[in-house]
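Residue numbers (our numbering), protein chains in the order written: chain A, 1 to 364; chain B, 1 to 290; chain C, 1 to 241; chain D, 1 to 233; chain E, 1 to 318.
Just so you know, the hints here were simulated from the structure itself, not pulled from any lab data.
Among the clues, some could well be false.
[To be verified] Computed beta-carbon distance windows for the label pairs:
{"id": "1", "chain 1": "C", "residue 1": "A57", "chain 2": "D", "residue 2": "G175", "range": "38 to 46 Å"}
{"id": "2", "chain 1": "C", "residue 1": "R23", "chain 2": "D", "residue 2": "M1", "range": "52 to 60 Å"}
{"id": "3", "chain 1": "B", "residue 1": "V131", "chain 2": "E", "residue 2": "L273", "range": "51 to 59 Å"}
{"id": "4", "chain 1": "B", "residue 1": "L190", "chain 2": "D", "residue 2": "H61", "range": "29 to 37 Å"}
{"id": "5", "chain 1": "E", "residue 1": "L273", "chain 2": "A", "residue 2": "P360", "range": "55 to 63 Å"}
{"id": "6", "chain 1": "B", "residue 1": "V78", "chain 2": "C", "residue 2": "G106", "range": "50 to 58 Å"}
{"id": "7", "chain 1": "E", "residue 1": "A168", "chain 2": "C", "residue 2": "R67", "range": "38 to 46 Å"}
{"id": "8", "chain 1": "D", "residue 1": "M1", "chain 2": "C", "residue 2": "R6", "range": "53 to 61 Å"}
{"id": "9", "chain 1": "B", "residue 1": "L190", "chain 2": "C", "residue 2": "R10", "range": "37 to 45 Å"}
Every residue, glycine too, gets a C-beta built ideally from N, C-alpha and C.
The chain contents come next:
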Amino acid sequence: EEFLVGAELPLTGSLARVGAGMQEGVMVAAEVFNRTNGKHKIKIITVDDESAPAKAIAAVEKLHSQGVVAITGGYGSNNIAPASDAANKLNLVYITSGGVDDSLVSSGRKNFFRINNTAGYEKAVLGLIDDVGAKSVSIIYSTKEATSDLAKNIQKALEAKGIKAASHSFDPAITDFKPIINKIKLQDKSELVLMSGYENDYVGILRAARVLKPAVKAMVGVWSLATPKMASEFPDLMPNVFGTALLPYPATFESADGKAFSETYKQLYKKEPDYLGQFGYVQSMLLFEAIARAADKGSVKTGGIAEEMRKTSRETLIGKVQFSANGDNPNFVHRMGQHQDKKIVIVWPKAGATGKIAYPAVPW
Amino acid sequence: MTELILQALYSGLLQGGSYALIALGLALVFGAMKIINLAHGELVLLAAYIAYTVESQAGLGPVFAIPVALVLVSLASVCVYWTVRRINKDREINSLILTYGIGIILTNAILITWKADIRTTSSSWLQEALVIGPLYSMRSEAIFFCVSLALLAALWWWLSRSWYGRALRAVASNRDAAKLMGINPGKVELVSFIIAGILAAFAGVALFSYGVIQPSYGSALTVKAFIITVLAGVGSIPGVLLGAVLLGVCEALTVTLASSALQELAGMSLFLLVLFVMPNGLFGAARRRG
Amino acid sequence: MLELDRLTVRFGGLTAVNAVSLRMDGSGVLGLVGPNGAGKTTLFNAISGLVKPTAGAIRFDGRDVMRAPMHKRAHLGIGRTFQIPQPMHELTVRENLVVAQRFGTGKVDMARIDEILDFTSLAGKARRDAATSLALTELKALEVAKALATNPRLLLLDEVLAGLETSGKRRFMGMLKEMQQRFGVGIVIIEHDIETISSLCPRVAVLNFGELIADGTPDEVFRDPAVIKSYTGAGTGDGHA
Amino acid sequence: MLELSNVRAGYGAINVLWDVSLAMQPGRLTAIVGQNGAGKTTLLRAIMGLLPLKQGEITLHGKRLDGTPTWDMADRGLAMVPEGRMVFRDMSVAENLIVGAFNKAHRPHVAARLEAAYEMFPRLRERRKQLAGSLSGGEAQMLAMARGLMSDPKILIVDEPSLGLAPLLVNELFGILARLKAEGRTIILVEQNTERALAIADHVYLLQGGKVALSEAAANVTLARLHELYFKH
Amino acid sequence: MKIHSGVLSALILAYLVVPLTLAGNNYVMSTIVAALVTGGVALSWALLGNLGGMISFGHSAFFGVGAYVSALCSMRLGVPVLPAMLLGGAGAAAASIAMLPVLRLRGPYFALAILAYAHIFRIIATEWTSVTRGAGGLANIPGLPTLMGYDFSGKAGAYLIILTIVVAFAFIYAAIRASHYGLALRAMHDSEDATRVVGVNSTLLKAAMLMVSAFMAGVVGAFNAHTINFLEPDYAFNGLWVTLPIVAAIFGGYRTIPGPIAGAVFVSLADQLLFKELLPTGHQLVLGVLLVLMIILSPNGLMPLLRGFGRRRRRGRA
Ligand SMILES: Nc1ncnc2c1ncn2[C@@H]1O[C@H](COP(=O)(O)OP(=O)(O)OP(=O)(O)O)[C@@H](O)[C@H]1O
Ligand SMILES: Nc1ncnc2c1ncn2[C@@H]1O[C@H](COP(=O)(O)OP(=O)(O)OP(=O)(O)O)[C@@H](O)[C@H]1O
Ligand SMILES: [Mg+2]
Ligand SMILES: [Mg+2]
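Excised from the complex, chain A in its bound form:
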């Protein structure tokens, strides 16, 4: 039996890049699933939500009208919230890894699931700061929603621990970060800089830091930083920079699941898999498996997919996934990686570390 699954993703607009990354994971998941699961087939229909809430709703509605049984995808909490509401109204399961805002799981959506959350990022960053024992931190964050939420939570947590934390917000439109770095250099005099932003922000900040050379001991960032892409594209800027990372690079996939993923990914896209693809893969695979189970029970049309989703409990590429009643994955903890020698080494948590931490160490 073939099932249609909708992928509602930003392929244009401000989130186009991450949307494309997630899409790759979704396609890989479908490929792997169709190859390994003999009974059922999955067909993906992708609709671009143009990084805009209204378009996200329309995309979900369009997918529904084309007969999909569930939706995977979504990026940015601001697009996911209305899109998953629409899915909720249409009784479609919606699973994502692109929205970390807590309000997504706290406002009673029945068919909503996600595999990651702010808390997981926070734990990883705080864990690293603890490990290296920094006494003062400067946080630079974009005024975008996810970035500022994370920054504020971490600041609170740090202050609770008695660590000095100064924060600097910036409008996503700005490109020259020297004045901010200079403030950190001359006013804050922190030991560690935490960047909560996106790729272009990291590049701007690191460049400014390279020029002004503040006396910090480490540069730490969050998503999209400890990635092979950043390592290869900005070899001068990245050395010793920390960022959340699921995988070391070059990646070694031990599990069968992991091998299937990475091989298929390389086959389809002729490049090394990245974390976006990995999240997209995990969320989609869990969904496809739930669909298969529901199909076996004949309950696809009667809300069986959501039911099967709730029963999910397995090790995945991002660790163990289980869903709580509100659809969140409480097990989620990110890892921290560090760029070393054009490679990415996992340095936190100690248990999963693939190399030694370099600290103090800065890119310049």
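Using the hints provided, position chains B, C, D and E with the ligands relative to the given structure of chain A.
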């Protein structure tokens, strides 16, 4: 604190230099034809992406992209002119909408060609720090600041001394009368678009070497350029430099003394303030009514 | 009706109108002459609110109108024409008058508009597409027509007769006289042709370098040596054959 | 040498000139008079290429002139002082004058001609740094006239040059026109001041309703006769 | 006011035929609703352009302010949704008061000064977190109400409401245009001094047009907030609220009243249903091409162009 402010002023100054380079082409066409080329930012961006292609494909430094960018961007600019030329009614308003449309086309063409990824130079030489006393900057910023000054001076000299500059202003002032003086308005305008293209090419290569680029940046560049043109006052080339530096310094000081989240706000407020208080810009002249 | 008290207008270092005091009562026709650049147009601009005087006072019917915006002055009854005609380009000739009447007087009276159109010989052009397609003299007639449509009590005419051929000029002058009698409008007219001025205006004021140098009947004024020196030139300037 | 034959021209669908034929002789002053709206300005615009012909042709020394772009007219030795002045409002008086000598051949003589222009109209010297847009009506008219002479044209076309000039300056102006003629220039003059125009003209054309109603040597035309013709129409 | 028979049949079609035939398809209905939202903004943009002679690149400012004011009024103050939408419009009109100084500006100055305001408002909405919840946005904005037993929160209900809003605006626009104020506004376009000396208070008139236009865009923004039930600064003040309406208005003819609405319906539907299929990334490119072609070939919209073709065809046959 003084060190902080000194550095902010210095950063603002350098930033102003690059802003000036971006604004210059727009100001030139505006001065010549009373036409705001809303696709100007995209032309700059196009040059930046050409620099990226040259660097990533041929492995040459961004500076080697300049000749290629000069040719291609000027051509693109000429294409813009050819479309603008075909407007025969309500030129002021229609050209605004037309170039807005061209901007959309270019943005999306860039998106399709180069994808949404952010790009920047990988040359470490350009990114090295250049330290003068207590002041820090990136090497590329300082280099292109000088380039910007040189181009400004050249353009200024050309506009104020040469016959072409006068012809340009005559055409802007009264097309029919200019024809009677023996000026071919089409040729004059074409030349200003070519020069605007050349300036955009330099600006784009500069942008690529000290900043990051993304397909959606174009319109923000145009807006910055327009703000500077307004600060300068139409037709004032030295004004462009001063306006750009004013904007750069104002932004840097806002970040230093208040918050970087307010940087855009400060720029926009400065723009509106000047518009309201001095509608002719800081360096423009008043006109007679009646 | 109109009272200027030491009115002064400066542009930077240039004093275009220098302490001009002038009174005009009721419904006369006052001719305003003077060499080029003497400040005549600027004086009109100041009275109608287009430029802000540097010093002095403007009173209209005893009311101080120095600070009143342009449209207020139009409502009070000050109408003017522009030396370089400024029609409302996108409108037809008739619509030009409708706007002037509606906003100058608050109501629209088509009969009156037709009357004005006839009066200014524009009736034939009234339905043409846009006011842009008029010859220069037609544009001047339109200027007058627009001003008339606002029911002014004081009409400031800036060289409306220049460029008219003799017969047209004669007709136009007849029209002004009739208008002045019929509607009781006070008229100030700028005109360079001495013959015209002499036959039209019982009183003439002369400006030179922004200053009022003579004020009186045409005979008095044009015999004044200062006026002859600066304006008409010795023994010439009379248009008589 | 400058000849128009059967010229028809107008604005869009509206025709203004109907089969107009004229001939201008070198070194002569040809006056074109006519009622307001007769099409005098339209005729001059057509000669200068500012208005396309719908029919007919214009020749200069036997060579086709119509179809030549306006900006090449200066090369052929033509210059026009347009109606309504059309000065460059955003440029200073001096710059306006300098642009008048835009043509390459004239550039070396700019300084001398500028001086001559200031001699002719001293008021312009006083105002040389002022923006032309802020000049008074008469000053702008002087500027337009002086600017037209900057290219030292062989054929000068002037459209109502006395408009807005004070009596003293009107005298000046006709003196200048007479002098220009004496220098051997060909002049086409459109003027409402018929009397003064007749006094210096060699040949007179009367335009009525877009048609030539009279073509006569100026000596044979009296003011009275002209006025009679005006009213016959 | 006389109602043209064509207008009447279009109204009947819109009010009866569309909901009856398409109400079942959520996706198509929400695409049509989105098209009408664009149409409403396009109409408000065209009003300012056509009557006020002002081209704005910052209409998103009004759209966003209207959306926020309405959402906040209904969420924080408990104002019922429909009155809240009117308040949204009023809020946008009030915001336009802050813009009155730009009325002195013309052409590109005006266009981009308004854009500056849109940026400023977006930054304020982002930074004023205590009221707007900042970048996180407002979720769970109350939906459209149930009136007279009919639940308007569904797609068909939303459709009927936005249709009514747009139609009402069109009639207001028509009334203004036909009045003497419309004439005076047209007169002002390139000779403001000339209109002022005949007694037109041009500043007041232009201000009034700006406010009317702002009100319209504000109400439409408010409507959108209550149908999407979600709002964030980047979305509310998005440049797309300018691009699409401009393309729509130019395409349909911005000097006419039905033009912008029809243009919006066509352009939005074509964009979503056609261009997006042809060109998944960067389908806005087609919008840009459309805009450029329209300005060059027929700046007054498609109708004159079609009429021109028709005439040429007929002439060809004759
Ligand atoms: N905005 C301005 N800036 C500088 N000078 C000005 C301005 N406006 C007018 N002038 C000068 O003021 C003087 C008076 O000008 P105005 O137009 O009043 O003269 P006028 O008497 O009407 O002359 P004309 O008979 O030539 O029309 C002129 O010399 C003119 O150059
Ligand atoms: N741009 C235009 N579009 C349409 N018609 C025009 C245009 N300009 C002038 N006309 C018309 O053409 C006719 C002739 O105009 P033209 O300006 O040639 O007259 P003229 O003889 O120079 O008159 P004047 O003595 O008033 O200067 C007039 O009826 C006028 O209305
Ligand atoms: Mg004057
Ligand atoms: Mg004429």
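Okay, the hints, checked on the actual structure:
1. A hinted range of 38 to 46 Å holds for the C-beta pair A57 of chain C and G175 of chain D, which are about 43 Å apart.
2. One distance hint, 52 to 60 Å for the beta-carbon pair R23 of chain C and M1 of chain D, holds here, with the actual separation near 58 Å.
3. Checked against the hint of 51 to 59 Å, the pair V131 of chain B and L273 of chain E passes, with Cβ atoms roughly 58 Å apart.
4. For the pair L190 of chain B and H61 of chain D, the supplied restraint of 29 to 37 Å holds, since their beta-carbon distance comes to about 31 Å.
5. Roughly 57 Å separates the CB atoms of L273 of chain E and P360 of chain A, a value that falls within the hinted 55 to 63 Å.
6. The hinted window of 50 to 58 Å between V78 of chain B and G106 of chain C holds, with their beta carbons roughly 54 Å apart.
7. Evaluation of the 38 to 46 Å hint for A168 of chain E and R67 of chain C yields a pass: the beta carbon distance comes to about 41 Å.
8. At roughly 58 Å, the beta carbons of M1 of chain D and R6 of chain C sit within the given window of 53 to 61 Å.
9. Under the hint 37 to 45 Å, the C-beta atoms of L190 of chain B and R10 of chain C, about 43 Å apart, fit the expected range.
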